[in-house]
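*Asks:* Sequence:
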Amino acid sequence: MKVRIQHRTTYRYDDPALLGPHVIRLRPAPHTRTPLLSYALHVTSELDGFGRHETGTKHGPQVRWQYNPWGSREARITFPAERGITEMDVLVDCVFDIHSINPFDFFVDDVARELPFEYP
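According to this note's numbering, the stretch in the sequence shown is residues 220 to 339, in order.
No lab work stands behind these hints, which were simulated from the structure alone. Note that the Cβ used here is the ideal one computed from N, Cα and C, for glycine as well. There may be inaccurate statements among the hints.
[To be verified] Have a look at the derived ranges for each label pair, beta carbon to beta carbon: (1) TRP284 to LEU256: 14 to 22 Å; (2) ILE243 to VAL330: 38 to 46 Å; (3) PRO235 to GLY275: 17 to 25 Å.
Construct the entire structure; sequences and hints are all you get.
*Replies:* Pasting the structure below:
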């Protein structure tokens, strides 16, 4: 079964704000059981006096992907320093292929068959 998940977060500022780098952790870990079929991250910002700009455009936020120490991917977002931002919109759109998983597919060690048990 295919499942589509969309997540949107919008930040609005009363006064133009100069934003430092943001790290966005909205991508599934690569070692999960559920296959990720597609993934898209869109960050849009409203620059004071410049209008709306999408990631990758001249005045838009820049995205650089990096790995954290646990092997998961993170998006590091930087913003143009010359203008304040009045709105930032983060949209993640992904599609998964969900399979039935047996929740009882594990082994119980002999020392843990009766409660209470002690860790070796």
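*Asks:* Given the hint of 14 to 22 Å, check if TRP284 and LEU256 actually sit that far apart at their C-beta atoms.
*Replies:* 18 Å Cβ-Cβ, so the 14 to 22 Å window holds.
*Asks:* Should the hint that ILE243 and VAL330 are 38 to 46 Å apart at their CB atoms be regarded as holding?
*Replies:* Between ILE243 and VAL330, where Cβ atoms are some 42 Å apart, the hint holds.
*Asks:* Using the C-beta atoms of PRO235 and GLY275, is the stated range 17 to 25 Å upheld?
*Replies:* Once the Cβ atoms are compared, 22 Å apart, the range 17 to 25 Å for GLY275 and PRO235 holds.
In this structure, none of the earlier numbered hints is contradicted; all agree with it.
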